[in-house]
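Asker: Here is how the chains run, residue by residue.
There are 2 protein chains.
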Amino acid sequence: MKVKRSERLIDMTRYLLERPHKLVSLTYFANRFDSAKSSISEDLTIVKKTFKERGTGTLETVPGAAGGVKFIPEIAKTEADEFVNEMCIRLSEPDRLLPGGYVYLSDLLGEPSILRQVGKIIATQYLDQKIDAVMTVATKGVPIAQAVSSYLNVPFVIVRRDSKITEGSTVSINYVSGSSERVEKMELSKRSLKRGSRVLIVDDFMKGGGTVNGMKSLIEEFEAELVGITVFAESTFSGNRMIDDYSSLLCVDEVDIRDKTIHVSPGNYYKTK
Amino acid sequence: MKVKRSERLIDMTRYLLERPHKLVSLTYFANRFDSAKSSISEDLTIVKKTFKERGTGTLETVPGAAGGVKFIPEIAKTEADEFVNEMCIRLSEPDRLLPGGYVYLSDLLGEPSILRQVGKIIATQYLDQKIDAVMTVATKGVPIAQAVSSYLNVPFVIVRRDSKITEGSTVSINYVSGSSERVEKMELSKRSLKRGSRVLIVDDFMKGGGTVNGMKSLIEEFEAELVGITVFAESTFSGNRMIDDYSSLLCVDEVDIRDKTIHVSPGNYYKTK
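Chains A and B, in that order, give the protein sequences. Here this note's numbering is used: the first residue of the first sequence is 1, the next is one more, and so on. Here this note's numbering is used: the first residue of the second sequence is 1, the next is one more, and so on.
So here's chain A without its partners, still in its complex pose (with noise of 0.2 Å):
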């Protein structure tokens, strides 16, 4: 039974917005919505349309044979501007200040809205790139690379500093913590990332980089390789950063721990805009 366009519309933004970057084909939605191929062709024309106004991503078409629809999820600029704001004031709250000057970020880092928001504006800064894996080391990197894979539509790979059992083989590297230059050891399943794959690395808390260093290092040992590296957080270090090339969403600039405060600014991907 043909559908009528309204129906169309919905459904058909539905099943965009579950699948992004990946193409569909004219026919899929002519046969699901029992309607000719040129009704089709003006409905995504206003999806698209109003997906751009709406700054929700492009749709792109694919023509040809073989070719259909593809929708790129994106933030708008005003509206990650606007978020990264916010979390400078959530991060702030003189509450999150941990002994040792660590910042709480769990009850962030577990808050759905927030991760949506967090996947969106990592995958809108790499739209360019081509991106196979995200790759991030457990536990407070997981909630962000399955919120930036889900964006990008790619699996996400997650590091460990304790090996499992139910990893089966894993590849295993040493290295410096940069902010206690402690030598440790990370390692990933074997077979959880091919040879070749281009490689996104985030992370939830950046200090010393010696982590994400470490990550570096695990992606040439799969003879991977790296695309970028994204962290929620990273916080002003006074000792020699081993990483220069990453962008941040925020920077936790002070932490004074006799006063209780902490003083959040947007991170180096904001401040270079």
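Keep in mind that the hints are not guaranteed to be accurate.
Pairwise CB distance ranges (calculated) [unchecked claim]: (1) B:195 to A:64: 58 to 68 Å; (2) B:258 to A:268: 50 to 60 Å; (3) B:93 to A:183: 30 to 40 Å.
It should be emphasised that the hints constitute simulated quantities derived from the structure, not laboratory data. Values in this document were obtained by computation on a predicted structure and should not be read as measured data. All C-beta atoms in this analysis are idealised placements derived from N, C-alpha and C, irrespective of residue type, glycine included.
Take the given structure of chain A and dock chain B to it, following the hints.
Answerer: Leaving out everything else, chain B in the frame of chain A:
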């Protein structure tokens, strides 16, 4: 500027899908689209009908001045069955077999399209229940917890076996690992769960049920309430399982290390239906 119905439907669908279980007022949409409430109301009737017909979920209408609509994501039974059957095949792939009879799952649990379906299926199981938080244990449960929490739109909390500075004060309990009968420790950041919270436990794999039982104790320790337990996969367990009341999506019935075969069938949630 007044927005056309077709564009309203697209943006409304997107807006609602991104905010499950959240009450959105008609006024919000009326302002967003510079349209009369009566038109918005008609739009929502179309969205509701389409969501229902396509198995996307329910659009609940809350009447009154403080009213509006709420989108409750669901998965259609046929789609869930199809997914579970597909997972039975994927899990049975002989190269997933690890020493000790374990089954490699990390690739599946790093695949966004799989996590979306798992999230929807588990969220659908608890449609009628009030849930305040999803709980899991690091590391492999995290992707499942995040997927479920995204569809329920409630936070998730991560129980850890190792304490981390960045968690602040924690509450810890000892538990008996069901399969190995060792006594182990798990802990949860004190501030991550409010007293009286209604908690859903999820995990990737259950054998003896010791880990899940540990999380149950932690919930008691926090004076919170257990709503339910769902695991992605369980394995048939010859010993005395510590947990009775749980649901599983998949069941690893038999693992033959000699012949390198794994037999997987739908979990108890599907068997009882």
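Asker: Now tell me, hint by hint, if it's right for this structure.
Answerer: Hint-by-hint comparison with the structure:
The hinted range of 58 to 68 Å is satisfied by residue 195 of chain B and residue 64 of chain A, whose Cβ atoms lie roughly 60 Å apart. A C-beta distance of roughly 55 Å is found between residue 258 of chain B and residue 268 of chain A, which places it inside the suggested range of 50 to 60 Å. Taking the beta carbon of each, residue 93 of chain B and residue 183 of chain A are about 37 Å apart, inside 30 to 40 Å as hinted.
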